[in-house]
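Chains B and C: place on chain A using the hints.
Residue numbers (my numbering), protein chains in the order written: chain A, 1 to 200; chain B, 201 to 400; chain C, 401 to 656.
Just so you know, the hints here were simulated from the structure itself, not pulled from any lab data. These numbers come from a predicted model, not from an experiment. C-beta: ideal position from N, C-alpha, C; glycine also. A few of these clues could be false.
Unchecked claim - Examples of chain A residues lying across from chain B (beta carbon under 8 Å, computed):
| hint | residue |
| --- | --- |
| 1 | Ala39 |
| 2 | Glu82 |
| 3 | Pro100 |
| 4 | Leu103 |
| 5 | Ser130 |
Here's the letter readout for the chains.
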Amino acid sequence: MDRPLRLIPTDPLDKLARTLEALLVVASAPLSAEELAAASEDDTERVEDALRLVAERFADGRSGIVLEHVAGGWAFRAGREEAAACARLFERPAQRNLSPAALETLAIVAYLGPCSRPDIARIRGVAAESAVANLLERGLINEAGRDNGAGGAVRYRTTPLFERVFGLESLSELPRLDDVGADAAEIRDRLHAVAEKRSA
Amino acid sequence: MDRPLRLIPTDPLDKLARTLEALLVVASAPLSAEELAAASEDDTERVEDALRLVAERFADGRSGIVLEHVAGGWAFRAGREEAAACARLFERPAQRNLSPAALETLAIVAYLGPCSRPDIARIRGVAAESAVANLLERGLINEAGRDNGAGGAVRYRTTPLFERVFGLESLSELPRLDDVGADAAEIRDRLHAVAEKRSA
Amino acid sequence: MIVRELELDLDVFEGPFDLLLALVLKEELDLRDVDLAGIVTAFLERLAEREELDLEACGEFLVLIAALLELKARALFPGESAELAELEPEEAAEELARRLAEYRRAKEAAAWLRERLLSEGGRFFRVGPAPLTPKAETPLAPQDPAGLAGALRLLAEEPADVSLSHMALRFPPVSQFLERFRALLTRRSRFDFETEVGGLTRLEQASAFLAVLELRRAGELAIDQAAPFAPIRITRMAQEKTAQQERTAAWTVRSA
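With the rest of the complex left out, here is chain A (with noise of 0.2 Å):
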């Protein structure tokens, strides 16, 4: 009575461990077998027995990726022969230049003192989300409070890592800007005045 399953010419582990592989791929944080089995919509114990298929077909040395289990699950790595390469890929020259969004609203928050999202895409013109996330993950600013105190949008300032990339003792070394406002009240208004006309 078996007899229709016999015309899968392929072992069915041997299918389900390329679906592991594939999930395994894709996924960014390690995955349970409860994961591997919800998503491949089989069974536990199978997905385990694939897995272990998995795991002899990228045994360290034959291959450069290795499947390892780690507290959350299973996920792929680099093998360890591989190492110096992988460190060579990441570590990176120094960027030379910050992207010009990133820039524009670090003048804005070095010049304006703390200022909120909202209140640097409005001088910007478009929204501020991952120009903020970038610098904030550069640690060049970090939050300082909120806008009229706690229910308000988080303000943001300039590190001190901030003033040794820019080579400043502090922000009173800016560079002058008297020909756009004499103090940052001043420049706040005309950042706000042009932003108005060119959202008109």
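For chains B and C alone, coordinates are given in the frame of chain A:
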């Protein structure tokens, strides 16, 4: 004088292939042959040979992993046969459900190269704020300076992720839209003819 | 709701809006024969069938119908378009053709991308870093503070004016005719409309007629016409001077 090399027991190209596998499994974006060569401290030609070896090893069907040339580089992805399992893993594929407005905006940015929100609005005839914000959030476009270099509107360009999502080796793979172009020339001629008639 | 798929049932055309646009552009359909109000009605009916307001569709429709109105206005006032806009007719035609071609090209490209997305739907890949990879750090090279000042200066730069001249169909101001007819009516108690506007362009005549209607609404004059297409006769109405002056002041403000 090649002696020292002979001490290496395995085929060196195979060794390089293993290194490439490791690099590709940890990379977060497609890697060019040059980047791979730099990380593996080998030359680009040999890297290209070794890539063929890797491609064979992961030929569609044999493994759930596929090596593809996309967005100007090489990357691993899941085999097409495993799409259903991958879809179950991700539940909602972030890049796939694009609204008509987002697709049109994306098309304009991809075809016209860096262009600003007003550019897009002028062509589409509707404000582009939400479509642009949506595409930025998905990482399909990013900022690329401002119009006229100066205080003009922010321009956007497509990202390597865009090429990856649409399976393009580069933007030059976008089809030419000559038919429409010819149509436009014809329309222009007719309008010219009418204009002459009327001003006569 | 997809505007270009809007089904139309007009006297001279039956089919989707997109086809109508194509036919008009290729001059296979004379826009002067097309009932634009009918298109607006069809759109509003379709809009009303829906539970929520589709702003995207409204915006697109508004632009398309405005372009059609502009084209139709040009067709209805042949030979005068050169005086109406800053652009020469050829330039205006060029500009319109360019914009419409660009719009259609964007639609084509979007359609291609949509198909591509469907056919590439089976390609899954990882977005972002691998699970077992140390976080990469990219240090920043020393930067020049002058770059910050430069970036802020650019942000403070006045934007260039965006020219919309090609969009404008200039009407002569109605106020000009209000003054002219008021002055005329202080000298004469009645006049023929056609005689007064005889030498003017059709657009100026239209403006002048709007002025007459406005003065009638204000009770400053009476209009009568013996039969359709017969001369239009304008007669001064007797009024208290103060009331008239008040209205004059109000008009000056409104038409400024």
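Hints and how they fare:
1. Residue-level restraint check for alanine 39 of chain A holds (minimum Cβ-Cβ distance to chain B is 4 Å; threshold 8 Å).
2. Interface restraint check for glutamate 82 of chain A: the shortest CB-CB distance to chain B comes to about 3 Å, inside 8 Å, so the restraint holds.
3. The interface hint given for proline 100 of chain A holds, since its Cβ lies 5 Å from the closest Cβ of chain B, which is under the 8 Å cut-off.
4. With a cut of 8 Å, the hint placing leucine 103 of chain A at the interface with chain B is violated, because the nearest CB-to-CB distance is about 10 Å.
5. Against a cut-off of 8 Å between C-beta atoms, the interface hint on serine 130 of chain A holds, since the closest Cβ of chain B lies about 7 Å away.
Consistency with the previously given hints fails for number 4 only.
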